[in-house]
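Chain by chain, the residues:
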Amino acid sequence: MSGLPLASSFLQNENFLDVLYIIAFSLFIPGLRGLSGPTTAVRGNRIAAVSMVIAVIATLLQPSEGNWGLIALGIALGAAVGVPAARQVKMTAMPQMVALFNGVGGGAVFLISWSEFRLTDGYTGTATYVAIFSLFAAIVGSVSFWGSNIAFGKLQEILPGRPITLGAGQQVVNLVLLTLAVAAAVDIASGDHSQGIFIGMLVCAALLGNAVVLPIGGADMPVVISMLNAFTGLSAAATGIALNNPALIVAGMIVGASGSILTNLMAVAMNRSIPAIVAGGFGGGGAIEGASGAGEHAGSVKSTSAADAAIQLAYASRVVIVPGYGMAVAQAQHAVRELTKELEARGVEVSYAIHPVAGRMPGHMNVLLAEADVPYDQLKEMDEANPEFQRTDVSLVIGANDVTNPAAKNNQSSPIYGMPILEVSDSHSVIVIKRSMNPGFAGIENELYYDPKTAMLFGDAKSAVSEIAAELTQL
Amino acid sequence: MILASVLTTNLAILVLAGFIGFVVISKVPNTLHTPLMSGTNAIHGIVLLGGLLIVGLSGNDAFNKVILVIAIAFGTINIIGGFLVTDRMLEMFKSKPKPSGGASPPQGDGSKAGEADKEKVS
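Protein chains in written order, with our numbering: chain R, 1 to 475; chain H, 1001 to 1122.
Just chain R, with the same shape it has in the complex:
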């Protein structure tokens, strides 16, 4: 009988718990390293998950721990929501799911700061730095929570994808909100215990989160999610300093740093600068320009049928498939794979050209095509694919738009000017599968569709691709 208390006193020994924390946060490093390589990624993710479990256990073993009922309730609620959401979400909806998970993380951060403020009666009796880091976490967490929810709303198309902006006053409004939030924080840190001020600070940060993300066009959303992800990481690290918890500091800061790098990599891939994205408005101006452009091009669009497309593809020797978000929403990846098999059986050489930001998130297309068992080596990244278009007979564009728009190369006034594109118009002919002539996510007209080499096959990506495959078998 005496073994139990002994064991429990050993388990709750401070050094033992510190060792557990050190094991936990050291494992995050190989976990993350694994995630950055294709062959090690699955293992990396699992290592990170294991270290998370260790960190949670070490926290639950803390001698000061209590209120088990509330802890169980919170975890049960979280699991009841999180597990089915993660299991059932379609691969196409992955970007908004990541935005949502990021948002709740930010929400947890600001709620924790709030409870800390209330518990200590406005940081009475704590060191000033504790208040500063806790307040920083509250502001950033709140911005991240609201910003991520807006990003989710835009990607889920609950909110319009096009920028919603206050116009020229936008920057001023953002600056005023930020100043108010920081002023409230400074006031509290210097000794004001008023909860009204704290709530006012949270409200300002919430409005700021909305005001920053609402004006950003849908095309920039992946970069924004990545940036908010880094923000949540930083706020978690700040919470860690306020609570003197090394595991929180390390994990939060690693996410903050790696998230910033990832944000930058994505922005570079789109040839956009992060300040320009945050300044917002991308895709809004283009819609007006596109409207005038449509008038001048009208009538020169050539449309084709599935049967003609099948013939064109069957007699090609080299076909490049350019997938985009249209393929994702139509769940057409399996149909595309079938079409590829059919073409390969006829000796056509088929590869896929993947733009770094095709779909709604970098790597989105790769995930979907991998799901349909497309061999990894048929997927070509942009730099590898572009020189090959000149000797390509048919480029089959499936629901991709902005990433093929020649305006990015030719038209200096286009909002996407300078963004690297897949140079589809270099190939001998182009077939574009698209639901309608509506402009893409960025709201810009695509000159490619008016190119004499281009034939449009209007329809849902999945049924159009299946029809082509069916026509092929009858040839």
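Heads up, some of the hints might be wrong.
[As the list claims (entries may be wrong)] Just so you have them, the derived chain R footprint on chain H, three or more residues with Cβ under 8 Å:
id : segment
1  : 1019 to 1033
2  : 1074 to 1081
[Claimed, not checked] Straight-line Cα separation of at most 25 Å, SDA-like style, residue types lysine to any residue; simulated pairs:
id : chain 1 : residue 1 : chain 2 : residue 2
3  : H       : 1065      : R       : 68
4  : H       : 1027      : R       : 274
5  : R       : 302       : R       : 453
6  : R       : 341       : H       : 1092
7  : H       : 1065      : R       : 40
8  : H       : 1065      : R       : 124
9  : H       : 1027      : R       : 420
10 : H       : 1065      : R       : 192
11 : H       : 1027      : R       : 69
12 : H       : 1065      : R       : 69
13 : H       : 1065      : R       : 426
14 : R       : 380       : H       : 1056
15 : H       : 1027      : R       : 37
16 : R       : 409       : R       : 426
17 : H       : 1027      : R       : 68
18 : H       : 1027      : R       : 302
19 : H       : 1065      : R       : 189
20 : H       : 1065      : R       : 64
21 : H       : 1065      : R       : 67
22 : R       : 380       : H       : 1026
23 : H       : 1065      : R       : 120
24 : H       : 1027      : R       : 341
25 : R       : 90        : H       : 1088
26 : H       : 1027      : R       : 453
Since the hints were made in silico from the structure, they are not lab data. The beta-carbon is built from N, C-alpha and C at its ideal position, and this holds for glycine as well.
Take the given structure of chain R and dock chain H to it, following the hints.
Chain H only, in chain R's frame:
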């Protein structure tokens, strides 16, 4: 004095962790950007620990208990959802039975046509 040293230690940890984050993620193929974002997203769910620590302290009133339960639920969603989604995404990359590559010239047309032929048979 003691408080100051706790702060300095924690700041040192913060700076070093930042460097590790920069170094670990210096070069990532585009393909892995989404899973990596999702994976790091799961990791910042560690803020759950903050909720667990504060809820254990005495003196939380009813309102605090409510927001802490929400915070714990949020943190749990972030962690569990994040890791599960990342795992699902990465599972899809696993099915690549091809041990080949490397040996053949990278841009040679012949070798690619050959591979396509092999595909056809299967």
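Agreement of residue 90 (chain R) and residue 1088 (chain H) with the hint, judged by alpha carbon distance not exceeding 25 Å: With Cα atoms ~10 Å apart, residue 90 (chain R) and residue 1088 (chain H) stay inside 25 Å; holds.
Hinted pair residue 1065 (chain H) and residue 120 (chain R), Cα distance within 25 Å: At roughly 14 Å apart (the allowed maximum being 25 Å), residue 120 (chain R) and residue 1065 (chain H) satisfy the hint.
Hint consistency between residue 1065 (chain H) and residue 192 (chain R) [alpha-carbon to alpha-carbon, up to 25 Å]: holds (23 Å)
Restraint status (C-alpha distance of residue 1027 (chain H) to residue 69 (chain R) at most 25 Å): violated (44 Å)
Pair hint outcome, residue 1027 (chain H) versus residue 37 (chain R) [Cα-Cα no greater than 25 Å]: At roughly 9 Å apart (the allowed maximum being 25 Å), residue 37 (chain R) and residue 1027 (chain H) satisfy the hint.
Satisfaction of hint between residue 68 (chain R) and residue 1065 (chain H), Cα-Cα up to 25 Å: The hint holds at about 12 Å.
Pair hint outcome, residue 380 (chain R) versus residue 1026 (chain H) [Cα-Cα no greater than 25 Å]: holds (21 Å)
Pair hint outcome, residue 409 (chain R) versus residue 426 (chain R) [Cα-Cα no greater than 25 Å]: holds (13 Å)
Within 8 Å of chain R (C-beta), three or more residues of the segment 1019 to 1033 of chain H: holds (count 14)
Proximity test - 8 Å, beta-carbon atoms, the segment 1074 to 1081 of chain H to chain R, at least three hits: With 8 residues close enough to chain R, the hint holds.
Pair hint outcome, residue 1027 (chain H) versus residue 302 (chain R) [Cα-Cα no greater than 25 Å]: violated (43 Å)
25 Å limit on alpha-carbon distance, applied to hinted pair residue 1027 (chain H) and residue 274 (chain R): holds (19 Å)
Going through the hint list in order, the structure does not satisfy hints 7, 11, 13, 14, 17, 18, 24 and 26.
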